[in-house]
Every structure is written in structure tokens, then in C-alpha cells.
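J.: One line per chain: the protein sequences are A and B, in this order. The numbering used here puts the first residue of the first sequence at 1, with every later residue one more than the last. The numbering used here puts the first residue of the second sequence at 1, with every later residue one more than the last.
If you're looking for bench data, these hints aren't it; they were derived computationally from the structure. A few of these clues could be false.
With a cut-off of at most 25 Å between alpha-carbon atoms, the simulated PhoX-like pairs for lysine-lysine come out as follows [to be verified]:
1) 245/B - 139/A
2) 105/A - 173/B
3) 135/A - 171/B
4) 246/A - 234/A
5) 171/B - 139/A
6) 188/A - 217/A
7) 105/A - 197/B
8) 246/A - 450/A
9) 391/A - 379/A
10) 249/A - 234/A
11) 140/B - 139/A
12) 186/B - 135/A
13) 322/A - 476/A
14) 322/A - 29/A
15) 135/A - 173/B
16) 113/A - 298/B
17) 476/A - 298/B
18) 224/A - 8/A
19) 105/A - 186/B
20) 379/A - 139/A
21) 186/B - 16/A
22) 245/B - 135/A
23) 298/B - 186/B
24) 139/A - 186/B
25) 113/A - 140/B
Negatives, chain B to chain A, calculated, CB over 10 Å [unchecked claim]:
26) 11
27) 87
28) 147
29) 174
30) 192
31) 193
32) 200
33) 223
Now the stretches of chain A that chain B is said to cover, found in silico as 3 or more residues with beta-carbon under 8 Å [said to hold, decoys possible]:
34) 73 to 84
35) 92 to 100
Every residue gets a Cβ at the ideal spot worked out from N, C-alpha and C, and that includes glycine.
Residues per chain, in single letters:
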Amino acid sequence: MSEILVLKNITKAFPKVIANQDVNFSLQKGQVHALLGENGAGKTTLMNCVCGLYQQTSGEIFINNQAVRIDNCSQAVAHGIGMVHQHFMLVPELSVAENVILGLKREKDFFIKIEDVEREVAELSEKYHFGLNPKAFIKDLPVGMQQRVEILKVIYRQASIIILDEATAVLTPQESEELFHIVENLVKQEKSVILITHKLSEVMRLADQVTVLRDGKVVGTVSKEKTNERELAKMMVGRDVLFDFKRGKELEKSLKMNVENLTVIDTRGIEKIHQLSFSLYSGEILGVAGVDGNGQLELSEALTGMTTYHGGSITLADKTYKHMSTKESYRNGVSHIPQDRQHTGLIMERSLEKNMILADYWKKEFSSYGFLNQKSITKHAATLMQSFDIKASSPLARIRELSGGNQQKVILAREISRGPDILIAVQPTRGLDIGATEFVRQQLIDERDKGTAVLLISTELDEIMQVADRIAVLYKGEFMGILDRDCLDVHEIGLMMAGVRKKEMEGGYDEA
Amino acid sequence: MLNTFLGLVFSTAFLASSISYATPFVLAAMGGIVSERSGVLNLGLEGMMLTGALFAFMGSYYTGNPAVGVLTAIVASMLLGFIHAYSCIELGSNQVVTAVAINIFALGITSALFNALFGISAGRVTAPGFASIRIPLLEKIPVLGTALFGQNVFVYLAYILVPLTYVLFFKTKIGLNIRASGEFPKAANTMGVPVEKVRFYSVIYSSAIAGIAGASLSIAGINMFIENISAGRGFIAFACIILGKFNPIGATMAALLFGMTEGIQLRIQAAGIPVPYQLPLMFPYILTIVMLLLVGSKFSPQSWGVPFFSDDDQ
């Protein structure tokens with residue numbers, strides 16, 4: 001067995017942070033090597049150095065025992081390295097074949113012989129069992145298929161080293177399983193695969209070797225045979241991870257929000273939410289699972305008044321709204337943890353204390369006769385900083401200076417301290433490290449225990465399964481079904497995420 | 001009255017004039033569409049056309065050769081294109097603001113230059129222009145023959161440019177790179193397409209063609225320069241691109257429609273139909289607004305007008 005790729009003492013420094021420090025890594029030919037680490041551990045940055053998007057500050061890269069310089073993406077391709085990015089690098093308006101040959105240097109011809117390319121793509125698709133139609137447009141393909149186009153693109157360029165970055169993040173459990181088969185197939189065809197991931201189950205399922213990164217440094221490299229999930233988790237986080245949440249008893253439930261036939265159409269005229277109806281009760285967490293882009297954002301924006309809806313009604317505090325403004329939503333006891341915290345949740349250039357009163361500046365304790373009551377605003381912020389353990393230099397610190405986890409805590413503190421009846425949280429742990437993730441999830445459960453109605457919209461299935469009392473699965477703007485916590489079945493949820501209705505399954509759905 | 005009007009509209013002469021009126025729109029749109037599809041909004045077409053019109057006139061006036069006029073027009077408008085490209089692509093400035101600056105600058109500089117060189121009261125200074133070329137045989141086709149093939153060189157250039165642009169976009173590697181740069185530059189860049197370079201050349205190319213479109217205003221027929229001779233035609237060409245859903249064929253159809261509108265309005269004026277002359281003059285502009293309201297810009301490239309830098313580290 002030979003080493004096809006070796007990284008020696010790679011350091012990558014950005015103006016403000018050191019993303020990778022003295023990283024050593026070696027990939028054996030024909031193996032799957034997992035690069036495991038939390039969000040922000042430096043996995044993607046490291047691989048971006050290998051595929052030419054970044055250049056390392058110091059250190060060396062060897063391919064087949066030859067030292068190489070990789071200054072740009074085309075050089076990486078020339079060395080047989082291909083990366084499938086987490087966010088697909090596909091042009092939606094172009095066809096599969098066009099995307100495959102985009103940017104290819106090999107083709108000297110001025111004119112593109114698209115028929116030839118389509119034939120080659122079809123052949124490769126056949127060989128690796130991708131089932132792709134070369135003429136299809138990317139925008140018409142489901143996410144799982146798009147990912148195969150990405151992989152095919154890399155194979156078409158004759159890559160021998162294939163890097164998959166968080167490949168299952170956007171897939172349903174079934175699609176993930178299909179992807180695993182594809183990876184196994186790649187290895188059979190003598191390709192070597194680097195798997196960037198933070199999911200332990202994926203590592204145990206696919207990898208031969210595992211290298212764990214934490215804070216940009218290698219914690220260790222182990223072979224899968226000699227390790228287990230618990231050990232890997234400990235290496236990854238630096239302590240035992242339990243995800244053991246304290247959960248109060250169920251309270252008596254009362255209806256807090258009723259949504260009837262909600263329909264949302266986006267600016268491009270596409271229906272994102274279709275005739276959606278559900279009820280939200282006090283003292284429960286209703287989790288909305290689903291693959292990203294199935295209407296999650298639109299649903300949360302409609303419920304919080306951030307976008308207009310085009311049909312249906314929302315009943316809040318005994319009033320039924322055909323249209324609802326953010327003000328009506330907020331002042332009727334709805335709190336919102338938005339998906340994009342830096343864009344919609346916070347004013348980055350303003351101080352922590354001002355961000356804390358964004359929704360409630362008008363209340364008597366913070367202002368009178370149109371003037372802000374500075375003293376009580378500062379005191380309010382200081383209290384919240386303490387109770388939510390927000391690390392910032394002072395209440396006057398600019399939000400931009402805070403870490404992602406602390407920014408999210410600012411939002412949590414603001415939204416929860418209002419004492420909401422309803423809390424709508426969208427992707428509340430996206431991009432946070434494990435410690436912050438645990439904290440946020442526990443806070444959601446605590447709110448539930450206090451009697452708040454919590455709607456948790458998340459694409460992390462694990463998150464939903466850990467905290468939710470009921471789970472709804474969103475697919476193309478509709479709920480495929482709502483399941484109770486007590487009768488959960490990942491397989492069933494996976495099918496629903498792919499668009500199979502619960503009713504259809506009960507009606508004798510036969511699994512293929 | 002209706003009969004007179006219909007008689008005017010359905011005639012070979014009308015068809016011929018519509019095509020010739022449409023030509024500046026077609027040319028400017030065929031250039032502009034390359035820039036738009038590469039992702040750079042080029043509203044500066046107007047100023048580039050106007051500059052092209054003056055420099056074509058000057059080139060032709062001083063050398064006595066209208067072909068030299070076309071070359072000077074291209075050079076002058078390319079200079080503006082370079083400014084637009086540099087500021088939008090290298091500096092990442094707001095593409096609308098840059099274009100507005102270019103348009104205002106062009107309006108000012110062409111008027112000032114023209115007045116300085118030819119005097120305010122010069123009256124009608126003319127320069128040598130291109131005459132119509134009749135294409136043997138083709139010209140003999142009944143009705144359409146003289147309308148299509150008794151035109152000046154710019155019209156023929158437009159005939160060639162439309163299919164060429166189509167082939168460029170959909171059959172060549174360059175076209176694929178241009179489309180990808182306008183839709184999803186990050187992906188294109190990752191795949192090794194030099195997005196900035198593609199966009200830069202696209203803008204320069206569009207400005208060169210806009211210069212030729214400008215020349216077609218001044219030295220093909222009237223052979224004069226008049227202050228603000230382009231009179232918003234660059235903007236209309238821009239609208240044609242949007243109406244044509246960023247497809248060369250569609251944009252040409254839109255341009256023909258505008259050419260016809262302009263033909264109709266001139267005929268109404270010439271026929272002495274008793275309406276205030278300002279009314280028909282408004283036709284093309286009203287049509288632009290109405291059509292844009294109807295069509296909108298839903299079909300625009302996804303990264304249209306969004307600056308892109310390939311070395312944007314975190």
C-alpha cells in the first residue's frame with residue numbers, strides 16, 4: 001500500500017486566526033480517510049489548501065512522494081485532486097454535461113462538442129451507477145442527484161483523490177446510504193477518498209483511517225478498527241459528550257398558535273409553503289425536520305410576520321390574522337431566533353446592550369417619552385450576560401467582536417428574557433461548537449418546561465430527535481406527517497424527508 | 001385616416017425603415033447581452049453609443065473615410081468600457097452608479113467636444129457616411145428583397161452578429177464560461193474559469209459593439225452629429241435585452257419591435273396626422289416602460305450586477 005497524498009506541517013494563517021497549525025496527514029491509496037472535527041476545527045480550510053482554493057502559509061504537500069505546489073484549482077485538478085464542496089459548485093441554469101466540462105482546460109477546441117461530452121457523461125454515470133441524464137438541467141435535479149454530478153465532475157477530470165466535504169449534510173438518510181454505496185464503488189475503482197465530516201456514524205460506516213482535528217491541530221490519527229464512537233467524540237471535543245438533556249414533566253397543554261392553510265409564494269412566483277395547517281401548544285417542542293430548502297425559511301418568516309403570506313390564516317392570542325406584521329407577531333408574545341443570526345438576528349456594528357432591546361425598546365423600563373433609559377438598558381444587558389454566560393468585554397462591546405456561539409447566546413437571551421408565549425427557533429445551533437450546541441438545546445427544553453410553545457425548525461435530524469416532543473417533516477412546503485416522540489422511526493422520517501406521506505406508508509407502502 | 005395609416009405601415013418602405021431603425025438597438029443589445037450574461041450590468045451602453053456616434057463622425061470627417069470613423073468610435077467607446085470594467089470588476093463598485101457616471105460624462109464630453117470643434121452655430125456640418133449597398137439577387141425577392149437587402153453596412157453587420165452571438169453563447173467554450181460567470185461565478189471560478197477576466201473582456205467587447213451602434217446613428221444616412229443623438233437608445237437596447245430574456249434572438253425580436261415603433265411614430269409625424277408631435281415621439285419610451293412592467297427581469301442571470309472576487313478569503 002502506498003501513500004498517495006501526504007501533508008507535512010501544514011499551517012494556514014488568516015489575518016485574524018490561525019486555521020491550521022502543523023497539520024500532518026497521509027492518505028493511503030484506495031482507502032477512505034475521514035477528517036473528523038467540529039465546525040470550525042479547520043477541516044475544510046485544510047482541504048481547501050489541497051485543492052488550490054487557498055495556499056498554505058507554511059508546510060509541504062506531497063503527491064505520490066513528490067513535493068508539489070498547488071497555487072490554484074486547475075493545478076490541483078492536474079495533480080488528480082478533486083473536491084466536492086459542501087455547497088455545490090454547480091451552475092443551476094446549465095445542463096449536467098455543461099457543468100461537467102465547465103472550466104476544463106483539456107478541451108482545446110473553440111467549439112464545444114456537447115454530444116460527445118453527453119455520451120462520455122452517460123458512460124461514466126453508467127459505470128458508477130449514478131443514473132444521471134446528461135441533458136438535465138441542474139436546477140431540476142434533487143439535491144442527491146446534484147451531488148452525484150459533483151462527484152462525476154471530479155471523476156471526469158480523472159481525479160484519483162476525491163475529497164467529500166460534509167457530503168451528507170443536505171441528504172436524507174436514504175440518500176446518504178446511496179452515497180455510501182457510491183463511495184464504496186469509488187474505492188473499488190482504485191480511487192482514494194477523504195471524507196470531511198463531523199458525524200461519527202459516517203466515520204464508523206465508511207472510513208479506514210480517521211484523523212481528528214480540534215482547533216486547527218491534529219489530535220490524533222487512528223484506524224477505524226481500533227476505535228469507537230465514544231473515543232472519537234472525546235478526541236473531537238476534548239471531553240465526554242453526553243447530549244443528555246434534562247427534561248421536565250409534561251404540562252397541561254393549551255393552544256397557543258393555530259395555522260390554517262398557510263400558503264407562501266416567493267418573489268420569483270414559486271409556491272414555497274402549500275396550504276399548511278398545524279397547531280402549536282404550550283409546553284411542547286414541535287420540531288420541523290426536512291432537507292434544507294423545502295420551505296423552512298418561508299415558514300418561519302410567515303409566522304413571524306417577516307414575509308407576507310398569500311393564503312390562509314394564523315391565529316395568535318385569540319386573534320386571527322390574514323396578514324401579520326412583525327410588530328403584531330412580536331407583541332403577541334412570539335419570539336424568534338432567526339436562521340441567519342448575523343443578517344436578521346443582530347445588528348453587527350451595534351453594542352451588545354442595544355441589541356438586547358431591539359424588540360422591546362418601547363417598553364417602559366427602557367424608554368420614556370421617546371428617550372432611552374440608558375441606565376436600565378445597561379443593567380438589563382449585564383444581567384443577561386451573567387445568566388446566559390455570554391463572554392464579551394462589556395455590555396458596550398460591538399456584536400461583531402463576539403464569537404459565533406456568543407452571538408447566538410445574545411439572541412437567545414434577548415428572545416427568552418422577553419418571556420414569550422411562543423418561541424420560533426430556526427437552525428439555532430448552525431455553526432456552533434458542541435458546548436454551545438448543548439447549551440442552546442438545553443435552553444429550548446427549559447423554555448418548554450416553563451410552558452412556552454416552541455417551534456424548532458432544523459435540518460439537523462439529530463437535534464430534532466433529541467429535543468422535540470412532536471416531529472413534523474416538511475417537504476416542498478407541506479408536512480408529510482407529524483410523529484410523536486414516543487413512536488419515532490428514523491427510517492420513516494427519512495422517507496418523509498424524501499416526500500413520502502405518512503398516510504401513504506400506513507396505506508401499505510412497500511419499501512423498494 | 002385609418003386607411004392612410006395602415007397603408008403607411010404595411011409597405012416595403014415601412015419595413016425597410018423599421019429594420020434600419022432597429023439596427024442600433026440590435027447592435028447595442030448584441031454587445032450588451034454579452035456583458036449582462038457575464039454578470040456585469042452595463043447600463044453605460046447609452047453613453048458608449050453616444051461617444052461612439054461622435055467619434056465616428058469625427059473620424060470620418062477628418063479622414064474622409066467612414067470606415068476610419070467606425071474604428072475611432074470603437075476605440076473611444078472601449079475606453080469608456082475599460083473604465084466601467086475596471087471600476088465594476090477590479091474595484092467592485094456599484095455597477096449602476098458607475099454606469100450613471102459614464103452616461104453623464106459621455107453626454108457632457110460629446111457636447112463640449114462637438115461644440116469646441118465644430119462651433120455652436122455650425123449648422124449642418126456633415127461627414128462622409130456609408131451609403132446603402134444593394135445585394136444583387138437577394139434584393140430581387142418580392143417585397144422583402146429591397147427591405148432586407150437594400151440597407152447600409154451596419155444593418156448587414158447586425159444580420160451577422162445575431163446568429164454569431166447565439167452560437168457564441170450556446171456552442172462555444174467562451175460562451176459557456178460567460179454564462180457560468182453570470183449565473184454562479186463562485187462555482188465557475190472553482191472549476192477554473194477565470195471569472196474576472198471573462199467579465200472584463202465581456203464588458204470591453206460590449207462597449208466596442210456599443211461604439212459601432214453609435215456610429216450607425218451618425219454616419220449611416222444622416223451623416224451628422226447632433227447633441228445627445230442617442231437619445232436614450234442605449235437604455236432601450238438594455239431594455240431589449242431584458243425583454244428578450246437575455247437571449248440574443250429574443251433581444252433581436254424586442255429590438256425589431258422598437259424599430260417598428262420608431263418607424264410608426266415618424267410616419268405619423270410625416271403623414272401630418274393631426275396629433276401633437278410629442279405624442280408619437282413618446283411611443284418607444286412608453287412601450288419600454290409597459291413591456292418592462294409586463295415582463296420584469298425574472299429571467300436575469302442569478303449574479304447579474306453582483307461583484308465577484310476570486311481571492312476573497314474569509
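J.: Between the alpha carbons of residue 476/A and residue 298/B, is the straight-line distance 25 Å or under?
T.: 21 Å, holds
J.: Under the criterion that the straight-line Cα-Cα distance not exceed 25 Å, is the pair residue 188/A, residue 217/A satisfied?
T.: 31 Å, violated
J.: If you draw a straight line from the CA of residue 186/B to the CA of residue 135/A, is it 25 Å or shorter?
T.: 23 Å, holds
J.: Take the C-alpha atoms of residue 105/A and residue 186/B, compute the straight-line distance between them, and say whether it is at most 25 Å.
T.: 18 Å, holds
J.: Take a quick look at residue 192/B and tell me if its Cβ sits farther than 10 Å from every Cβ on chain A, holds or violated.
T.: Its Cβ does come within 10 Å of chain A, the nearest being 4 Å, so this is violated.
J.: Compare the distance between the alpha carbons of residue 113/A and residue 298/B with 25 Å, and conclude whether the hinted pair is satisfied.
T.: Outside the cut-off at roughly 30 Å; violated.
J.: Taking only the CA atoms, is the gap from residue 135/A to residue 171/B under or equal to 25 Å?
T.: It holds: about 15 Å lies between the C-alpha atoms, which stays within 25 Å.
J.: With 10 Å as the threshold, tell me whether residue 147/B passes as away from chain A on beta-carbon distances.
T.: Correct as stated: the minimum Cβ-Cβ distance to chain A is 33 Å, above 10 Å.
J.: Is the straight-line distance between the alpha-carbon of residue 246/A and that of residue 450/A 25 Å or less?
T.: 13 Å, holds
J.: Below or equal to 25 Å on CA atoms is what counts here, so check residue 105/A against residue 197/B.
T.: 15 Å, holds
J.: Under the criterion that the straight-line Cα-Cα distance not exceed 25 Å, is the pair residue 379/A, residue 139/A satisfied?
T.: 51 Å, violated
J.: Verify the proposed pairing of residue 391/A with residue 379/A, using a straight-line Cα cut of 25 Å.
T.: Roughly 16 Å separates the two Cα atoms, so the pair holds.
Violated hints, in rising order: 6, 10, 11, 14, 16, 20, 25, 29, 30 and 31; the structure is consistent with all others.
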